[in-house]
Amino acid sequence: MKQRLWRILLPAVLLPLTVVLGAVLLREKYYALVILAVLLLTVLFFYSGFERKKVTSRRLVVVAVMTALAALGRVVLTPLPGVTPITALAALTALSLGGEAGFMVGSLAALLSDFYAGQGVWTPFQMFAWGLTGLFAGLLAGRLKQSRVLLALYGVLAGIFYSFLMDLWSVLWLNGTFSLKLYAAALVTSAPFTLTYAVTNTVLLLLLSKPFCKKLDRIKIKYGL
Amino acid sequence: MKQFSSLHPVMLFLYFCAVLGVTMFCLNPAVQLVSLGGALLLNAIVDGQTKLRRRLLPLVMIPLGGVINPIFSHHGQTVLFFLNNNPVTLQSFYYGLTMGGTVCAALFWLKSFSQLMSSDKLLCVFGRVSPKLALMLSLILRFVPLLGRRSRDSREALQAMGLFREDNFFLKLRSRVRVFFAVAASALENGIITADSMEARGYSVGRRTAYSTFRFSWADGVFAFVCAAALGAALAVLRAMRVDFYPTVTLNGDRSALAVGLAAFALLCLLPGALQGVGGLLRGRRLRRSLAYRGEVGSL
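Chains as they are written, first to last, in the numbering used here: chain U, -13 to 211; chain B, 2 to 301.
One or more hints might be untrue.
[As the list claims (entries may be wrong)] One side of the interface only, derived from the structure: several residues of chain U facing chain B at Cβ under 10 Å: (1) Val49; (2) Gly84; (3) Ala138; (4) Trp159; (5) Ile207; (6) Tyr209.
[Unchecked claim] What follows is a set of in silico ranges between Cβ atoms, one per label pair, in the way DEER data are often shown: (7) U:Arg134 x B:Gln78: 55 to 65 Å; (8) B:Ala201 x U:Val(-1): 50 to 60 Å; (9) B:Arg209 x U:Asp203: 25 to 35 Å; (10) B:Ser7 x U:Lys206: 41 to 51 Å; (11) U:Val(-1) x B:Ser257: 24 to 34 Å; (12) B:Asn169 x U:Asp203: 26 to 36 Å; (13) U:Ala170 x B:Pro64: 31 to 41 Å; (14) U:Val61 x B:Leu172: 17 to 27 Å.
[What the hints assert, rightly or not] List of simulated lysine to any residue pairs, SDA-like, C-alpha gap at most 25 Å: (15) U:Lys196 x B:Leu174; (16) U:Lys200 x B:Phe182; (17) U:Lys167 x B:Leu81; (18) B:Lys133 x U:Lys200; (19) U:Lys201 x B:Ser176; (20) U:Lys201 x B:Ser198; (21) U:Lys201 x B:Ala183; (22) U:Lys201 x B:Asn86; (23) B:Lys122 x U:Leu26; (24) B:Lys173 x U:Leu194; (25) U:Lys208 x B:Asn86; (26) U:Lys200 x B:Val178; (27) U:Lys201 x B:Leu272; (28) U:Lys167 x B:Pro248; (29) U:Lys206 x B:Arg202; (30) U:Lys40 x B:Leu189; (31) U:Lys39 x B:Leu189; (32) U:Lys201 x B:Pro248; (33) U:Lys206 x B:Asp197; (34) B:Lys52 x U:Tyr33; (35) B:Lys52 x U:Leu26; (36) U:Lys39 x B:Gly233; (37) U:Lys39 x B:Ser7; (38) U:Lys167 x B:Phe165; (39) U:Lys167 x B:His76; (40) B:Lys122 x B:Leu272.
The hints are simulated quantities; they were obtained by calculation from the structure and are not laboratory data. For every residue, glycine included, the Cβ atom is placed at its ideal position computed from N, Cα and C.
With the hints as extra help, turn the sequences into a complete structure.
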């Protein structure tokens, strides 16, 4: 119980503290640094929770397989810009194994496929964005499993969320500070990508949800994950 | 003497973090130029394969920044001309160039980072922090090529049965999806066997540790010391080294502080290129000498 309290309290205190300290100490508006620190902390908290928890080896390996499929899918699909299966696979994992597993699949697939696509300052951002799309799917699992319309809607929203978050990063990185006009321009120029993400996510989620949930649920029942 | 690439992974990781940090968060054209010089030097030595034109592509970021920023930012005193009734200023042009330089230098450093930090090195860094995460990463790193091979097998099997057809786009897609499902199903099932075998070998018994073949040597210690000294000197005067761009371009501190900081940062940036270059030359000479000694190379 005590450990649990720490796990909630520590991020709840440290994350706002980073933001406030960043705003006060760095007189110049280095938003990029603060945001990068916040993202890294979030991802670290997630991983430290994973490190502490007792995870059965079966669950660990199933998550690893899903991550490998997602990373491999991204690498294989690189000729088609903007088309990646990471969101869909992270969300599907989350639907049957829970939000934390979804976060791991999304973030680790981003980290590993960036060995191929190029590691960079954007890697933490991608880990965060794809991890969160997995996590949210886990939180909404009950609703998403019942309705295919909601699942399709989730795919669209996840695509928009990812694109908007990455544009935010591009603006911060290129400009140093946040500028609403530049952000709007970035959103407009990346609109084709946003559309591609949304369509890919929706199509893949609808296409893969039934067979994958069946496979994962079968394994869950057969081996008792 | 060790080459830069054969230093301990943790040292490499910390080095790149330090250089990227200073480059990205100390806006001063001189700092960006020094960083860019160091990155280009390392890149020239490490990256021999990529074509020169492709390799130098990130340099585009500098003029690009110079063009984009004045369009969106109208701060600054010296107005050059008006665009759509908005002032285009010299200061925002300079700011754009400097930000472009930051991004460009960072891209070059990250390129070298990608090439030097192979996945086993990153595993060594992560393994120290989180052994379970390292285990997960190494599992995935093994699964990726394995799944690739499985999908080839499955594709060939389907082809032999006449089920894998690529006549038109729709059939192509369907065949690919079929292969994907087959691989996914078999990988999940086989994963359970892997898990059981892990369990049988004592996965959940005791605390996990991570094993790595990298050893911390005296060369790493010396490198760490030099870098820490240079970084410390640069960080001490970081605030003074910064340049304010608006309303006019002014240096935050005095020139002597800038000179000290720049010298320290230049040492930090040029170190990897120098180590890699000199280390490579020495290694080459040693190899050649030992070959000549054994009489395998006639005249050198």
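Hints, verified against the model:
Here the hint on valine 49 of chain U is kept, as its CB sits about 7 Å from the closest CB of chain B, short of 10 Å. For glycine 84 of chain U, the interface hint is violated, the least distance from its beta-carbon to any beta-carbon of chain B being 16 Å, above 10 Å. Of the supplied interface hints, the one on alanine 138 of chain U is violated, with its beta-carbon coming no nearer than about 18 Å to a beta-carbon of chain B, more than 10 Å. With 10 Å as the threshold, the beta carbon of tryptophan 159 of chain U comes within range of chain B, its nearest partner Cβ sitting at about 6 Å, so the hint holds.
Given the 10 Å rule on beta carbons, the hint for isoleucine 207 of chain U is violated: about 12 Å separates it from the nearest Cβ of chain B. With a least beta-carbon distance of about 5 Å to chain B, the hint placing tyrosine 209 of chain U at the interface is held under the 10 Å criterion. Checked against the given bound of 55 to 65 Å, the beta carbons of arginine 134 of chain U and glutamine 78 of chain B, roughly 59 Å apart, stay inside it. Checked against the hint of 50 to 60 Å, the pair alanine 201 of chain B and valine -1 of chain U fails, with Cβ atoms roughly 42 Å apart.
In this structure the hint that arginine 209 of chain B and aspartate 203 of chain U lie 25 to 35 Å apart at CB holds, the actual value being about 29 Å. Distance hint check: the CB atoms of serine 7 of chain B and lysine 206 of chain U are about 46 Å apart, consistent with the given range 41 to 51 Å. The hinted window of 24 to 34 Å between valine -1 of chain U and serine 257 of chain B is violated, with their beta carbons roughly 41 Å apart. For asparagine 169 of chain B and aspartate 203 of chain U, the hinted distance range of 26 to 36 Å is satisfied, since their beta carbons lie about 34 Å from each other.
Roughly 23 Å separates the CB atoms of alanine 170 of chain U and proline 64 of chain B, a value that falls outside the hinted 31 to 41 Å. In this structure, valine 61 of chain U and leucine 172 of chain B meet the distance hint of 17 to 27 Å, their C-beta atoms being roughly 24 Å apart. A threshold of 25 Å between alpha carbons decides the hint, and for lysine 196 of chain U with leucine 174 of chain B the separation of about 18 Å falls inside it, so the pair holds. A threshold of 25 Å between alpha carbons decides the hint, and for lysine 200 of chain U with phenylalanine 182 of chain B the separation of about 12 Å falls inside it, so the pair holds.
For the suggested pair lysine 167 of chain U and leucine 81 of chain B, the alpha carbons sit about 21 Å apart, so the restraint of at most 25 Å is met. Restraint check for lysine 133 of chain B and lysine 200 of chain U: not satisfied, since their Cα atoms lie roughly 28 Å apart, outside the 25 Å limit. Simply put, lysine 201 of chain U and serine 176 of chain B have alpha-carbon atoms about 19 Å apart, close enough for the 25 Å limit, and the pair holds. Distance check on the hinted pair: lysine 201 of chain U and serine 198 of chain B sit about 21 Å apart at the alpha-carbon level, within 25 Å; holds.
About 11 Å separates the Cα atoms of lysine 201 of chain U and alanine 183 of chain B, which keeps this hinted pair within 25 Å; it holds. With a C-alpha separation of about 61 Å, the suggested pair lysine 201 of chain U and asparagine 86 of chain B falls outside the 25 Å cut-off, and the hint is violated. Taken as a hint, the lysine 122 of chain B and leucine 26 of chain U pair is honoured in the structure, with Cα atoms around 20 Å apart against an allowance of 25 Å. Taken as a hint, the lysine 173 of chain B and leucine 194 of chain U pair is honoured in the structure, with Cα atoms around 17 Å apart against an allowance of 25 Å.
Restraint check for lysine 208 of chain U and asparagine 86 of chain B: the C-alpha separation of about 70 Å exceeds 25 Å, so the hint is violated. Taken as a hint, the lysine 200 of chain U and valine 178 of chain B pair is honoured in the structure, with Cα atoms around 16 Å apart against an allowance of 25 Å. Of the supplied pair hints, the one linking lysine 201 of chain U and leucine 272 of chain B is violated, its CA atoms being roughly 53 Å apart against a limit of 25 Å. Restraint check for lysine 167 of chain U and proline 248 of chain B: satisfied, since their Cα atoms lie roughly 20 Å apart, inside the 25 Å limit.
In summary, the hint linking lysine 206 of chain U to arginine 202 of chain B is supported, as the alpha carbons are separated by about 22 Å, within the 25 Å threshold. The straight-line distance between the Cα atoms of lysine 40 of chain U and leucine 189 of chain B is roughly 21 Å, inside the 25 Å bound, and the hint therefore holds. Taking the CA atoms of lysine 39 of chain U and leucine 189 of chain B, the gap is about 22 Å. The hint holds against a cut of 25 Å. At most 25 Å may separate the alpha-carbon atoms for a hinted pair to count; lysine 201 of chain U and proline 248 of chain B exceed this at roughly 62 Å.
With a C-alpha separation of about 14 Å, the suggested pair lysine 206 of chain U and aspartate 197 of chain B falls inside the 25 Å cut-off, and the hint holds. Only pairs whose Cα atoms come within 25 Å are accepted, and lysine 52 of chain B paired with tyrosine 33 of chain U is rejected, the gap being roughly 39 Å. Restraint check for lysine 52 of chain B and leucine 26 of chain U: the C-alpha separation of about 34 Å exceeds 25 Å, so the hint is violated. Proximity of lysine 39 of chain U to glycine 233 of chain B is assessed by CA-CA distance (about 38 Å); at most 25 Å being required, the pair is judged violated.
This hinted pair does not check out: lysine 39 of chain U and serine 7 of chain B have alpha carbons roughly 35 Å apart, beyond 25 Å. Between lysine 167 of chain U and phenylalanine 165 of chain B the alpha-carbon distance is near 50 Å, which puts this suggested pair outside the 25 Å criterion. Using a Cα cut-off of 25 Å, the hinted pair lysine 167 of chain U and histidine 76 of chain B holds, with the two alpha carbons roughly 14 Å apart. Restraint check for lysine 122 of chain B and leucine 272 of chain B: the C-alpha separation of about 20 Å stays at or below 25 Å, so the hint holds.
Going down the numbered hints, you'll see the structure goes against 2, 3, 5, 8, 11, 13, 18, 22, 25, 27, 32, 34, 35, 36, 37 and 38, while the others check out.
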